[in-house]
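Colleague: Listed below, chain by chain, are the residues.
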Amino acid sequence: MTEAVFVPGKRKYVFCSDQEGIKLLFNVIEQVKEEGRPYEIFKIVENQDCLELGELLKKQKMGTHLYVALPYAELEKVRKTAEEIGFTEEETQYIGYGNKVKRIFCCRCHGMNETADVQADILCSQCGLELSISDHYSVFHNAFLGFVAKL
Amino acid sequence: MYKEKTIPVYVKAIEQENEFIRRFTLASVNEELLPKFSGGAHISTYIEHGELLVRQYSLTSNPDDTKHYQIAVRLSDTSRGGSRYWHEKMKVGDQLQISYPKNHFPLSFKAKHHVFYAAGIGITPFLSMMNELHSRGSSFELYYASKTEEACAFYDFLQEHYPNQYRFYFSNKRERINSSSLEEHPIGTHVYFCGPESFISDLTESAYQLGYPPSAVHTERFTPPQPKDMQPFNVQLKDGTLVEVARDQTLLEALLNKGIKAPYSCRVGRCGTCELQVVEGEIAHYDSFFSEDQKQSQSRILTCVSRSKSAMLVLDV
Numbered sequence: 001m002t003e004a005v006f007v008p009g010k011r012k013y014v015f016c017s018d019q020e021g022i023k024l025l026f027n028v029i030e031q032v033k034e035e036g037r038p039y040e041i042f043k044i045v046e047n048q049d050c051l052e053l054g055e056l057l058k059k060q061k062m063g064t065h066l067y068v069a070l071p072y073a074e075l076e077k078v079r080k081t082a083e084e085i086g087f088t089e090e091e092t093q094y095i096g097y098g099n100k101v102k103r104i105f106c107c108r109c110h111g112m113n114e115t116a117d118v119q120a121d122i123l124c125s126q127c128g129l130e131l132s133i134s135d136h137y138s139v140f141h142n143a144f145l146g147f148v149a150k151l
Numbered sequence: 001m002y003k004e005k006t007i008p009v010y011v012k013a014i015e016q017e018n019e020f021i022r023r024f025t026l027a028s029v030n031e032e033l034l035p036k037f038s039g040g041a042h043i044s045t046y047i048e049h050g051e052l053l054v055r056q057y058s059l060t061s062n063p064d065d066t067k068h069y070q071i072a073v074r075l076s077d078t079s080r081g082g083s084r085y086w087h088e089k090m091k092v093g094d095q096l097q098i099s100y101p102k103n104h105f106p107l108s109f110k111a112k113h114h115v116f117y118a119a120g121i122g123i124t125p126f127l128s129m130m131n132e133l134h135s136r137g138s139s140f141e142l143y144y145a146s147k148t149e150e151a152c153a154f155y156d157f158l159q160e161h162y163p164n165q166y167r168f169y170f171s172n173k174r175e176r177i178n179s180s181s182l183e184e185h186p187i188g189t190h191v192y193f194c195g196p197e198s199f200i201s202d203l204t205e206s207a208y209q210l211g212y213p214p215s216a217v218h219t220e221r222f223t224p225p226q227p228k229d230m231q232p233f234n235v236q237l238k239d240g241t242l243v244e245v246a247r248d249q250t251l252l253e254a255l256l257n258k259g260i261k262a263p264y265s266c267r268v269g270r271c272g273t274c275e276l277q278v279v280e281g282e283i284a285h286y287d288s289f290f291s292e293d294q295k296q297s298q299s300r301i302l303t304c305v306s307r308s309k310s311a312m313l314v315l316d317v
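From first to last, the protein sequence lines are chains R and L. Each residue of the first sequence is one higher than the last, beginning at 1 in UniProt numbering. Each residue of the second sequence is one higher than the last, beginning at 1 in UniProt numbering.
Simulated from the structure, these hints should not be mistaken for lab results. No experiment lies behind these values; they were computed from the predicted model shown. Mixed in with the good hints there might be a few duds.
Result set (EDC-like, lysine to aspartate or glutamate): computed pairs, CA atoms no more than 16 Å apart in a straight line [to be verified]:
{"id": "1", "chain 1": "R", "residue 1": "K80", "chain 2": "R", "residue 2": "E90"}
{"id": "2", "chain 1": "L", "residue 1": "K89", "chain 2": "L", "residue 2": "E184"}
{"id": "3", "chain 1": "R", "residue 1": "K61", "chain 2": "L", "residue 2": "E15"}
{"id": "4", "chain 1": "R", "residue 1": "K12", "chain 2": "L", "residue 2": "E184"}
{"id": "5", "chain 1": "L", "residue 1": "K112", "chain 2": "R", "residue 2": "E83"}
{"id": "6", "chain 1": "L", "residue 1": "K112", "chain 2": "R", "residue 2": "D135"}
{"id": "7", "chain 1": "L", "residue 1": "K110", "chain 2": "R", "residue 2": "E20"}
{"id": "8", "chain 1": "L", "residue 1": "K110", "chain 2": "R", "residue 2": "E83"}
{"id": "9", "chain 1": "R", "residue 1": "K61", "chain 2": "R", "residue 2": "E90"}
A few chain R residues that don't get close to chain L, going by computed Cβ distances all over 10 Å [said to hold, decoys possible]:
{"id": "10", "residue": "I29"}
{"id": "11", "residue": "M62"}
{"id": "12", "residue": "K77"}
{"id": "13", "residue": "Y94"}
{"id": "14", "residue": "C109"}
{"id": "15", "residue": "G111"}
{"id": "16", "residue": "Q126"}
{"id": "17", "residue": "G128"}
Ideal placement from N, C-alpha and C gives every residue a C-beta, glycine not left out.
Build the full structure now, drawing on both the sequences and the hints.
Modeller: Structure representation (structure tokens):
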């Protein structure tokens, strides 16, 4: 997701971002203020672990909506924390910015690769197989399937 | 003669739970093990008594115990024969057919915490669900409303097995389940409602107002929502046959009475088995199976609960 969308009718809104990311949430925060709904902002500083955020998220009650805006590389850590606590897809929006790195799952050795250029084929960093990148995405692995480029 | 595969069973034991509720233990006629089931599952029971009485009951026993099934039947004030037969005619040793267990009310695998809201006999599906969660070591709690302590089914059982996980509300003591408890559930909670229609719809509405996502709200209706004023209507089949559906009859019953082999299973508008194509006429949908879009397309009907707004419905059968 590249843009935060205001979801009306929630009892509370929690925003989590760094200095840069907060700009991406600005419009939604304004709308929440206009509606007079309770909200909380959690600022993440660089390389911070998720312990403190986890404590905050655990305290939330059902009906809370969570917005997270962070560099793509940081987003996954927070997503994992929130999911473990019980936030579902319907209750969250993750907005990434900056360089997007895709994870590629090797169809032969099941190794995980990362690439910024999704057009080109890659060589699996573990088994050396040349992989074409499909648009088949696995939520479980958070990765796209890489399949045999040349038979 | 039955539309689905059935299992022959006999009544092994009958216990009076309270003034209105009896528990029946069923075992396979051949003393074979019964199929395993999951928490929240139910069976259809088939009783031959002049007409064929088909009724659905939640399985209240331990899902891992496949030697027996147990159901709890409340004598309905408006019994159309089912619960009355169970209460007045059924004896230990009697045989009947049951369906394989089906589950329209399963536990969420994603939930971090489960909260059950029961009113009256609505407790029944939660018994197997709590059993399953208890053996998994998962966290849950029960809010259970009943008229009185005496009418409260499984009162002793719950106190003995889940001493710290229930709260009773007795209306004779002016205690009521209040939707404010929905405000207190931590993130990751799934709620399950079972009881009379108004109980379910009030709680569901309160949950949505707080911002609960639809996937975290689960409901089980024993009876489908029905129009206050049921109107008779006619249906026409492809070969021109005309079937009259009386005021107090479902479309499915009318079709079966005519000897038409219409498919069906749950009979409460949940499973979708009885779906038929509609060529002409305006459908009044009362099921909880079709999506809003599907309902609006006016092209198919669940015959077990839905009716016609127009005087005539033309079916593609």
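Colleague: Each hint needs a verdict: does it hold in this structure or not?
Modeller: These are the hints, each one checked on the structure:
| no. | hint | in the structure |
| --- | --- | --- |
| 1 | K80(R) to E90(R) | holds, 15 Å |
| 2 | K89(L) to E184(L) | violated, 46 Å |
| 3 | K61(R) to E15(L) | violated, 41 Å |
| 4 | K12(R) to E184(L) | holds, 13 Å |
| 5 | K112(L) to E83(R) | holds, 10 Å |
| 6 | K112(L) to D135(R) | violated, 31 Å |
| 7 | K110(L) to E20(R) | violated, 32 Å |
| 8 | K110(L) to E83(R) | holds, 10 Å |
| 9 | K61(R) to E90(R) | holds, 15 Å |
| 10 | I29 | holds, 17 Å |
| 11 | M62 | violated, 5 Å |
| 12 | K77 | holds, 18 Å |
| 13 | Y94 | holds, 16 Å |
| 14 | C109 | holds, 30 Å |
| 15 | G111 | holds, 28 Å |
| 16 | Q126 | holds, 32 Å |
| 17 | G128 | holds, 38 Å |
This entry does not satisfy hints 2, 3, 6, 7 and 11, going by the numbered hints stated previously.
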